Structures are given as structure tokens and as C-alpha cells.
Amino acid sequence: MAEEQQIQNQINIELSEEVAEGQYANLAMIAHSSSEFVIDFIRLMPGLPKAKVKSRVVITPEHAKRLLAALADNIKKYESSFGEIKQANEAPSFPMNFGGTVGEA
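Under the working numbering, read the sequence shown as residues 17 to 121, first letter to last.
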């Protein structure tokens with residue numbers, strides 16, 4: 017019965033070739049309202065005055081919390097395999113507010 021339920025819970029996910037290539041981003045800016053979180057993935061290039069949003073993902077607060085847990089779990093697994101991820105001590109030097117409550121990743 018457990019195998020039968022597992023088959024029913026499977027989702028067929030399509031990944032186009034274009035999306036599978038991915039987008040490189042080295043900055044994420046996050047804003048939220050009472051009903052959604054907006055995550056902009058940005059490519060910031062050294063020496064250029066303009067950064068470009070490469071992708072925007074809009075999710076519910078519940079899914080944002082699930083994403084946080086999944087990222088924490090994956091970082092823990094990564095660090096147990098490859099060692100601690102080092103972070104620079106200095107804060108990034110670019111404007112952080114883009115029209116809402118802001119966080120940074």
C-alpha cells in the first residue's frame with residue numbers, strides 16, 4: 017500500500033533545455049508582503065554600474081519557509097561533504113532597498 021501511495025504522489029516535472037541551462041546569479045534580493053515573497057536573482061558584474069535581474073521567483077510564505085528549511089538541509093549536507101562554506105566579513109557595497117521590506121542572501 018505504501019508503494020501505491022508513493023506512485024500516486026509522484027509528479028511528472030518537465031525541464032526544458034533552456035531552463036536546464038540555468039542562470040548565473042551572485043546576488044539575491046528578497047521582498048515580501050503579507051501574501052507572497054519575491055526573490056530576485058541578480059547578476060552583479062564588477063566595474064559595471066548596472067546589475068541585471070536574471071530571474072524572479074514569487075512564492076507563498078509557506079513555500080518560503082519550506083525553501084528555507086530545504087536550503088539549510090542542503091547546506092548542512094554540502095558542508096559535511098566539502099567543508100564549511102566561508103563567507104566574507106564585509107557587506108556588499110550596493111543599494112539594498114528596491115521598494116519593499118528587504119533581506120539579503
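Watch out, some of these pointers could steer you wrong.
[Claimed, not checked] Dumping the calculated DSSO-like pairs for lysine-lysine here, alpha-carbon to alpha-carbon at most 30 Å:
#1 68 with 81
#2 66 with 93
#3 92 with 70
#4 81 with 93
Source of the hints: derived by calculation from the structure; they are not laboratory data.
Only a predicted model underlies this, so the values are computations on that prediction, with no experimental measurement involved.
Going down the list of hints, with the structure as the test:
Of the supplied pair hints, the one linking residue 68 and residue 81 holds, its CA atoms being roughly 26 Å apart against a limit of 30 Å. Using a Cα cut-off of 30 Å, the hinted pair residue 66 and residue 93 is violated, with the two alpha carbons roughly 35 Å apart. This hinted pair checks out: residue 92 and residue 70 have alpha carbons roughly 27 Å apart, not beyond 30 Å. Restraint check for residue 81 and residue 93: satisfied, since their Cα atoms lie roughly 19 Å apart, inside the 30 Å limit.
Of the numbered hints given earlier, the model fails hint 2 alone.
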